[in-house]
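Peer 1: These protein sequences, in sequence, are chains A and B.
Residues 1 to 352 (our numbering) make up the first sequence, in order.
Residues 1 to 240 (our numbering) make up the second sequence, in order.
Calculated from the structure, these hints are not laboratory results.
By construction, the Cβ of each residue, glycine as well, lies at the ideal position given by its N, Cα and C atoms.
Watch out, some of these pointers could steer you wrong.
[To be verified] In silico EDC-like cross-links for lysine to aspartate or glutamate, where the CA-CA straight-line distance does not exceed 20 Å:
no.	chain 1	residue 1	chain 2	residue 2
1	A	K4	B	E99
2	B	K220	B	D203
3	B	K30	B	D153
4	A	K156	A	D93
5	B	K182	B	E230
6	B	K141	B	E87
7	B	K141	A	E215
8	B	K30	B	D225
9	B	K141	A	D93
[Stated by the list, open to error] With the Cβ distance kept under 7 Å, some of the chain B side facing chain A (calculated, not the full set):
no.	residue
10	C12
11	I15
12	M52
13	R56
14	T74
15	P75
16	A78
17	F84
18	D94
19	E99
20	A104
21	A106
22	G108
23	I110
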Amino acid sequence: MLVKLISGDRPRSLILGLVLLAILVALAFAPFLFPGTRSVDTAARVCIFILLVASYDLMLGYGGIVSFAHTMFFGMGAYGVALASIHMGRGFDALLVGSVVGALAAAALALVIGLFSLRVRAIFFAMITLAVASAVAVLVSQLSGITGGEDGLSYKIPRALTSAAKYADEKVLGVRINGKLMNYYLVFFGSLILFLLLLRLVNSPFGRVLQAIRENDFRAEAIGYRVIYYRVTATCLSAVVAALAGSLFAIWLRYVGPDTTLSFEIMIDILLMVVIGGMGTMYGAVIGATLFVVAQNYLQNLLGAAEEALVDLPVLPLLLNPDRWLLWLGVLFVLSVYFFPTGIVGRLRRRG
Amino acid sequence: MSDPILSLQGVCTNIAQYHILQGVDLQVPKGGVTMLLGRNGVGKTTTLRTIMGLWRAHQGSISFDGQDISATPTPAIARSGIGFVPEDMGIFSDLTVEENMALAAASGPINPARLDWLFSVFPPLKTFWRSEAGNLSGGQKQMLSIARAMIEDRLLYLIDEPTKGLAPAIIATMAGALRDLKAQGASILLVEQNFAVAKMLGDTCAVMDDGRVVWSGEMKELSEDAALQERLMGLSMEAT
């Protein structure tokens, strides 16, 4: 049953299997295991970024397509929910319409970009996506009457998904059963289902052809596969999933802005998560996103604790000052790329 | 001679500023093995790649099974019934042997009887069925490359130097497999530098020089005429 659920794509490493199971359990019971606004928010972000990074891995890891427009698709889903919620009023219908329209718009744009640029060499596709993503980011920033500009948009989501909605008088394991908890589980199950669908896709004949194209596109053509068709389809599917991840993010945050959804920094983060986790593995997205988001949120705390513990020593407390967390994050990435050139999943699988 | 399955008329192909094919005329009859011979760099591989549409002929026509395929996209050429084994093998090394074979069976699931036959001629493929193709030895990769083309019944097989760089035992396996394929009545256009293999398998033969076919006829005729070999290819089969 479990093997079928993961489309027969076994972790192929005991350590990897255990780590993935631990992450799944931690995310499934995060509100109960790690109560507190910040930790649950981190868990929700981990879920969303796993999905976003997995959708990027479909393009980069499986299709060999380098794109810099993934945050644009992510943002389209997020802005879809925001705009629908503002114009249609709070309600599940607005969330549904916003998500569907955002995903369709992302697919349409991916189709246009793909048809125009995937015929040419990969580097041109990368440059075109960079240009289009920058143009969209500027457009969103400029059209403040519609998008809220740099300030972004705040909106209301259905009451059933907010803390105001109470589902039980008693706390369960010290946690209030309210709309916020439901919102978390919407994000968790939404991400889980879409991730499993992506896993199904990459383990289908379509996924195999995509891998073949990544390795040798001439050869794939010579055995009868239309490379452009597969590349464009992968780009569109990837864009749709990224947009749906954006919709989940918008539902969770109740705010969208260029910095939270469209920025180039997020694009770089996604790239790092894919590379650290392991390209072309899907499970790499789980490991990479979890490590990255947790480090982003808790490295400062860890450094603060380390600084206090080493306060009597020379130099070290200065180096471990919480303000230097970005430096240490960088060091961690350099080390992980050095020690895991095929990503953490690739390394663990080779050991397994 | 029966109607040719493949016919090239005055095919010219340029790669960048180089005129590689300069008017190739070639007929491949239905059934049997046509050898494409010639020294290195005379355009044999480019001819095969041009037939597959991987390089475009800028002049001349290519007709396959009665249809002009000069401007047909490569995937459509492949699906029309041509199995191509390139010189560099072109296996997908990140995929398993099974996945490589399944991809090549583009028209549907693998025929079990066909697979059993391939396992009998290339036993290592059965042994390494679920292994990544990148982990195979050079000879095994070549077996996979040829088996991939043979996984479905094709109207024509284009095979580029299948024995290049292989150990004698593996060459014998390759030759045996091609002989089996020939016995099934397949049409094959084979580029081969190993004259012993060429002599054993070839029915008809075309010799290329400087981007053109300079001689064509029966393989037997060429293999028995040392002077002709010397004139066309600068060496004698008897000497090899």
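Peer 1: All hints, please: hold or fail.
Peer 2: Verification of the hints:
1. Simply put, K4(A) and E99(B) have alpha-carbon atoms about 18 Å apart, close enough for the 20 Å limit, and the pair holds.
2. Taking the CA atoms of K220(B) and D203(B), the gap is near 7 Å; set against the 20 Å cutoff, the hint holds.
3. Under the criterion of a C-alpha separation no larger than 20 Å, the hint pairing K30(B) with D153(B) is consistent with the structure, at around 14 Å.
4. Restraint check for K156(A) and D93(A): the C-alpha separation of about 13 Å stays at or below 20 Å, so the hint holds.
5. This hinted pair does not check out: K182(B) and E230(B) have alpha carbons roughly 28 Å apart, beyond 20 Å.
6. Between the alpha carbons of K141(B) and E87(B) the distance comes to roughly 12 Å, so the proposed pair stays at or under 20 Å and holds.
7. A distance of roughly 15 Å separates the Cα atoms of K141(B) and E215(A); the hinted pair therefore holds under the 20 Å criterion.
8. Distance check on the hinted pair: K30(B) and D225(B) sit about 26 Å apart at the alpha-carbon level, beyond 20 Å; violated.
9. With a C-alpha separation of about 55 Å, the suggested pair K141(B) and D93(A) falls outside the 20 Å cut-off, and the hint is violated.
10. Interface restraint check for C12(B): the shortest CB-CB distance to chain A comes to about 21 Å, outside 7 Å, so the restraint is violated.
11. For I15(B), the suggested interface contact is broken, since its CB lies about 14 Å from the closest CB of chain A, more than 7 Å.
12. At its closest, the beta carbon of M52(B) sits 5 Å from a beta carbon of chain A; the interface hint therefore holds under the 7 Å criterion.
13. Contact between R56(B) and chain A, as hinted, is not supported at the beta carbon level, the nearest pair being about 13 Å apart and thus beyond 7 Å.
14. Using the Cβ-Cβ criterion of 7 Å, the hint placing T74(B) at the interface with chain A is satisfied: the shortest such distance is roughly 4 Å.
15. For the restraint placing P75(B) at the interface with chain A, the shortest Cβ-Cβ distance is roughly 5 Å, inside the 7 Å limit, so the hint holds.
16. With its C-beta approaching chain A no nearer than about 4 Å, A78(B) sits inside the 7 Å limit, and its interface hint holds.
17. Of the supplied interface hints, the one on F84(B) holds, with its beta-carbon coming within about 5 Å of a beta-carbon of chain A, less than 7 Å.
18. With its C-beta approaching chain A no nearer than about 6 Å, D94(B) sits inside the 7 Å limit, and its interface hint holds.
19. Taking 7 Å as the C-beta cut-off, the interface hint given for E99(B) holds, the closest approach to chain A being about 5 Å.
20. Hint status for A104(B): holds, given a least beta-carbon distance of 5 Å to chain A, under 7 Å.
21. Evaluation of the A106(B) hint against chain A yields a held restraint, the C-beta minimum of about 4 Å falling below 7 Å.
22. With 7 Å as the threshold, the beta carbon of G108(B) stays out of range of chain A, its nearest partner Cβ sitting at about 11 Å, so the hint is violated.
23. This hint is violated: I110(B) has a C-beta 12 Å from the nearest C-beta of chain A, more than the 7 Å allowed.
Hint compliance for this structure: hints 5, 8, 9, 10, 11, 13, 22, 23 are not met, and every other hint is.
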